[in-house]
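Student: Given next are the chains, with one letter for each unit.
Protein chains: 2
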Amino acid sequence: MGKPDKAKIIFQPSGRRGEIQKGMTIIEASRELGVDIEALCGGKKVCGKCKVCIEEGFFEKYGITSSRSHASGWQKEEEEFINAQQRDTGYRLGCCAKVEGDLLIFVPEESRAGKQIVSKAARDIHIEWNPAVKHYYVEIAEPSFEDPTADLERVVAQLNREYGLKNLDIDIPTLRRLPTCLRESKWKVTVAVWMDREIICVLPGKVDDYYGMAVDVGTTTVAAYFCNLATMEVVDTVSMMNPQCKYGEDVMSRITFHMMHQDGLFKMSDDIIGCLNSLVAQACEATHPPSKDHENEDKERKEAANKLKDKQYLCLSPSDIIDMTIVGNTAMHHILLKLNPVYVGVSPFPPVIHKSMDIKARNLGVLIHESAYIHVLPNEAGFVGADNVGVLIAEEPYKKDEIQLIIDIGTNGELVLGNKDKLISSSCATGPALEGAQLTFGMRAAPGAIERIKIDPENNEVDYKVIGRDAWRSYSKPEEMRTKGICGSGILDLFAELYYSGVILKSGRFYPEQKSNRFRKNAENNQPEFVIAWAHETTIGKDIVITQKDIRQIQLAKGALYCGCKLMMRRMGIDKVDKVKIAGAFGTHVDRKRALIMGLFPDCEIDKIISVGNAAGDGARAALLNRKKREEANWVSRNVEYIELTVEKDFQQQFMEAMQIPHMKDQFVHLKGIVPDEILNQ
Amino acid sequence: MGKPDKAKIIFQPSGRRGEIQKGMTIIEASRELGVDIEALCGGKKVCGKCKVCIEEGFFEKYGITSSRSHASGWQKEEEEFINAQQRDTGYRLGCCAKVEGDLLIFVPEESRAGKQIVSKAARDIHIEWNPAVKHYYVEIAEPSFEDPTADLERVVAQLNREYGLKNLDIDIPTLRRLPTCLRESKWKVTVAVWMDREIICVLPGKVDDYYGMAVDVGTTTVAAYFCNLATMEVVDTVSMMNPQCKYGEDVMSRITFHMMHQDGLFKMSDDIIGCLNSLVAQACEATHPPSKDHENEDKERKEAANKLKDKQYLCLSPSDIIDMTIVGNTAMHHILLKLNPVYVGVSPFPPVIHKSMDIKARNLGVLIHESAYIHVLPNEAGFVGADNVGVLIAEEPYKKDEIQLIIDIGTNGELVLGNKDKLISSSCATGPALEGAQLTFGMRAAPGAIERIKIDPENNEVDYKVIGRDAWRSYSKPEEMRTKGICGSGILDLFAELYYSGVILKSGRFYPEQKSNRFRKNAENNQPEFVIAWAHETTIGKDIVITQKDIRQIQLAKGALYCGCKLMMRRMGIDKVDKVKIAGAFGTHVDRKRALIMGLFPDCEIDKIISVGNAAGDGARAALLNRKKREEANWVSRNVEYIELTVEKDFQQQFMEAMQIPHMKDQFVHLKGIVPDEILNQ
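Residue numbers (my numbering), protein chains in the order written: chain A, 1 to 682; chain B, 1 to 682.
Honestly, the hints are just simulated from the structure, not real lab data.
Fair warning: there could be bad hints in the mix.
Stated by the list, open to error - As a list, the in silico DSSO-like pairs of lysine-lysine whose alpha-carbon atoms are at most 27 Å apart:
(1) B:420 x B:579
(2) A:338 x B:188
(3) B:506 x B:477
(4) A:134 x B:44
(5) B:355 x A:186
Everything numeric in this text was worked out from a predicted model, so none of it was measured.
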């Protein structure tokens with residue numbers, strides 16, 4: 001397969017792939033394919049920033065059978081940056097290793113130049129202060145011959161007298177520190193109590209501020225809110241890619257990885273736990289002043305320092321994090337906890353557990369305070385997991401009269417429909433297409449990604465904007481655009497614009513009579529495609545196009561979503577909803593009008609479509625700051641009725657129909673006046 | 001110090017020491033000093049049974065400064081039995097290594113020929129069946145599209161329906177096994193639930209029998225009852241020396257070791273946890289048929305096999321142990337849990353914690369069932385710890401009208417006095433003399449130890465009996481006795497007989513006009529001593545004597561005990577008790593008449609003095625088999641008033657007086673007619 005002088009390259013975790021000329025360095029290949037690898041020294045082999053890992057083991061899937069021999073030999077310069085152990089696991093410098101055959105290359109987080117822009121900032125939602133962990137300050141009488149009661153019982157008695165706390169337990173590592181802490185602090189201590197049940201930390205003197213972390217483990221992105229539990233302030237928001245991406249992009253491929261590899265579950269679990277530890281370390285590091293030695297190199301620290309410029313440095317360490325809440329879909333939940341995820345992927349899709357769990361962080365290997373608990377929110381059913389429960393306790397549709405349709409679009413789509421009388425949920429396999437993955441020129445939301453697109457209905461000329469540059473194409477010189485691909489919000493724009501401007505039909509097929517030379521047949525495979533950006537506007541040296549196959553991928557995703565919504569409405573016996581809420585990073589970028597044009601979800605008044613951002617993460621934060629939200633989560637997880645869509649009797653037909661744009665049988669009353677009648681009535 | 005051709009040797013854990021001729025092998029030295037090391041091949045260097053460890057680090061204490069260079073060079077034959085790692089830690093074969101200088105030698109349990117006889121068999125006490133862990137069998141409906149509820153919730157719902165169990169949690173390792181176990185067993189499982197709160201094990205099918213262990217961590221001996229939790233049967237009783245003995249014989253020396261060594265607490269804790277794991281392994285091994293390969297060598301397994309001859313082998317493994325209870329004095333309790341034991345040794349002696357603790361075995365490093373809890377019983381005060389609480393819940397003096405004096409004699413003496421109206425407790429530093437340690441020829445209860453002694457009042461001739469031989473000295477040839485030393489029960493006999501026969505006076509001093517040539521002055525130090533066994537009756541080649549210093553040691557111990565009892569009676573405002581109960585291994589061997597003669601405790605009717613055996617261990621067993629006993633233990637630990645004896649105003653004077661035999665100011669009415677008046681009125 002492939003031409004003799006070409007090699008097939010896949011870069012992970014971005015998934016960018018293509019054939020490149022043999023003999024190129026990995027850095028050069030990465031530029032060719034629009035993957036940004038850090039290379040401060042410009043390939044002089046002296047900065048060591050372009051470390052990559054040539055991955056093993058996964059090649060059958062891609063039809064590649066061997067890896068190491070497909071890269072050029074080890075160079076002396078690499079020794080300074082790559083130790084023997086790393087070398088054994090496949091690490092190379094991207095500027096040294098040349099491509100000599102097919103390769104699967106993993107670009108570690110620290111080597112990625114275009115840091116991903118994750119829009120998972122904390123929203124300002126109302127949360128009542130009632131955290132699971134609370135601080136209590138007590139002054140205790142020293143033991144005497146008259147009262148030689150034990151250290152713990154003295155503390156517990158005082159907590160009872162002053163705060164009415166009863167029957168307190170204590171975690172053994174905390175008990176080990178108690179006698180010394182009491183004596184060194186002259187018997188004046190602050191006691192951290194978990195759920196009014198267990199003493200998990202004793203600190204000398206009076207300590208007001210204490211910290212926790214709320215984590216949203218997404219299939220693709222893991223985002224965490226670092227919160228002050230005393231003030232409820234969000235100290236920082238940190239995020240990174242889910243390292244499990246290297247095993248597959250969606251939940252089913254992760255489950256498959258577990259089934260095919262004896263240690264697959266443990267590997268993936270350890271990866272996500274390592275990721276949690278990295279986020280904790282990252283959040284803590286940002287509370288320290290930047291070290292002067294690395295001032296020039298270490299951009300990230302500098303940024304963090306700027307963020308905190310006018311503040312005192314908190315100088316926190318992981319052991320200052322005394323509570324953590326986690327949400328994630330059922331597969332992410334199960335993999336994190338090393339629970340067998342197989343059955344959740346097989347009909348009738350039962351999870352291993354619904355209810356929330358409180359697990360000592362140390363028993364999971366999460367390196368926060370030694371005695372801290374991790375509260376993992378409950379699962380609903382099937383793949384509708386703790387993340388959706390997070391969305392629900394953040395949005396509280398069960399407290400409203402109006403009927404809400406809540407759509408959480410990630411790699412997996414999760415839907416909730418209802419109000420205070422009834423709530424139903426389901427999941428649909430949207431796949432990652434709406435996020436820009438798996439398309440010919442799809443990419444993540446990083447600098448150089450097309451995020452907005454307009455197509456002129458008259459001449460089908462394209463105008464667009466890339467992340468990292470304010471000026472649109474029409475106000476720039478071509479070479480200023482430095483375009484690399486199309487990200488999620490660009491996809492949505494593109495799709496709506498293609499339809500609106502008549503480039504594609506309701507069916508998704510290209511209109512046979514095109515107005516522009518942007519439409520053409522691919523020279524190699526003779527498939528129709530439409531050019532978004534010409535080669536000279538890009539850094540990758542070739543035209544960025546959307547193909548018929550790409551359009552099908554997007555149609556499948558939007559069809560799954562739309563069909564899910566409609567089937568749920570049928571179940572509820574309604575034909576319209578009062579409000580559509582779009583959660584997830586996707587939602588924050590979505591153009592409501594275009595989403596309607598595209599037929600992403602059923603018709604609704606445009607100003608009743610609102611984005612609620614990372615509502616799953618907000619739910620995790622609510623549960624971190626208010627213990628009552630944990631109870632609410634358990635209640636709602638058992639009171640949402642789960643609908644398995646794929647067994648609805650006419651699912652296939654509904655799905656096929658839903659792939660139309662917007663939907664052929666629907667009355668999209670709210671599109672009247674927005675989309676020209678001739679297009680709507682095509 | 002010492003003669004140039006002699007070397008000072010100390011054998012641990014027995015503590016036997018002496019000067020021996022340089023050039024002897026360690027095996028020969030051990031025989032010289034009455035320490036039995038296994039040597040099946042008779043020194044031919046082929047059986048490898050005589051492994052010993054030449055210990056490091058502890059030599060200052062004994063005035064020995066270097067170790068390794070004091071043994072002869074490594075021999076080729078040793079390689080077959082001692083691996084490189086063991087060699088590095090100082091292991092040698094006793095038949096190969098020759099003494100070339102002062103040495104501290106540790107004889108591992110498996111190399112000890114004369115296995116210690118620990119009389120800590122389980123008594124037949126009444127316990128109601130109500131263990132903390134219970135088995136429940138359930139048959140569960142498979143998930144379906146109509147009911148796709150999660151695995152755990154299915155099990156929990158069934159347990160609620162059938163057994164009324166509510167709000168069950170589950171431990172995460174058990175949850176990890178749940179999905180597979182349910183499906184492999186066709187949804188018929190036995191669920192082990194801890195305290196009606198937490199699912200800790202799920203087994204396929206119906207399982208009736210399940211197991212637990214009740215452990216008494218003594219300062220010197222650790223004994224464990226291996227129990228069937230379904231039938232309450234004691235499957236086996238196992239015991240071994242507390243490996244912490246190498247750091248010192250009593251609790252104060254252990255605390256001192258912690259204070260002097262940064263990692264002292266961790267070392268001692270790890271030792272006792274290793275010991276628990278050994279006991280678990282030992283108990284489980286005995287439930288397997290003996291392996292044929294080792295039939296000749298492996299005596300222990302054979303014995304175990306004989307024990308079970310008529311039974312089916314249970315073939316249990318450590319993971320079959322699903323619950324454990326532990327008692328121990330406060331120092332042993334604190335060291336086990338790695339709690340700082342310093343303050344419990346310093347006035348006003350507050351422990352770190354009183355209340356009982358439930359700790360996951362895995363968090364302590366105890367290798368039983370992964371999800372099992374260890375229940376550590378509560379402490380009273382000072383050194384009166386969970387072991388005494390064990391005695392109390394076994395004996396239940398708080399349910400009786402009669403006033404009981406309960407004496408638990410171990411390395412530390414613990415006293416409880418009272419009835420249902422009031423209970424007081426205290427501890428007294430008896431030291432290990434009453435157990436035979438620290439005396440010139442004291443030894444543990446092992447074959448060759450003198451356990452019974454009679455001295456003829458007429459001519460002061462001595463008759464005695466050794467462990468392992470039924471015939472007394474007077475019915476044996478001298479060389480048949482093979483005597484090695486005197487153990488605890490022998491000491492008590494000896495002391496009473498020395499007084500009764502007039503060899504010593506009330507004051508403890510030797511009577512100046514002795515009737516026998518057994519009384520003499522030591523040739524080297526000119527101190528008076530009395531010969532118990534002549535050299536030709538022993539295997540150690542020298543006369544076994546008791547010295548004036550030995551007698552003082554015993555007096556100190558008995559004085560501490562007696563004085564403690566009297567001070568407590570004064571506090572209670574009573575001058576007699578209704579019953580004296582003697583707990584501990586010591587109690588099972590004590591001759592009540594002789595204990596009274598000796599003045600070990602205040603006067604009492606002889607048939608009201610009873611031995612209650614290892615009551616502390618019985619208490620641990622009661623708490624293992626009946627959860628209500630755990631509540632009772634917490635209640636009683638907070639309702640016994642602790643008396644610190646050493647701060648009683650005339651403690652010193654009382655103590656001095658109590659060293660007399662029996663007690664100079666007491667009316668020992670119950671000795672009338674037992675001890676001749678002329679001796680009683682001396």
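Student: Give a verdict on every hint.
Tutor: Structure-based check of each hint:
Between the alpha carbons of residue 420 (chain B) and residue 579 (chain B) the distance comes to roughly 14 Å, so the proposed pair stays at or under 27 Å and holds. Between residue 338 (chain A) and residue 188 (chain B) the CA atoms are separated by roughly 23 Å; this keeps the pair inside 27 Å, and the hint holds. With a C-alpha separation of about 34 Å, the suggested pairing of residue 506 (chain B) with residue 477 (chain B) is violated against the 27 Å cut-off. A hinted pair counts as satisfied when its Cα atoms are at most 27 Å apart, and residue 134 (chain A) with residue 44 (chain B) does not qualify at roughly 69 Å.
Restraint check: the Cα-Cα separation between residue 355 (chain B) and residue 186 (chain A) comes to about 23 Å, which is no more than 27 Å; the hinted pair holds.
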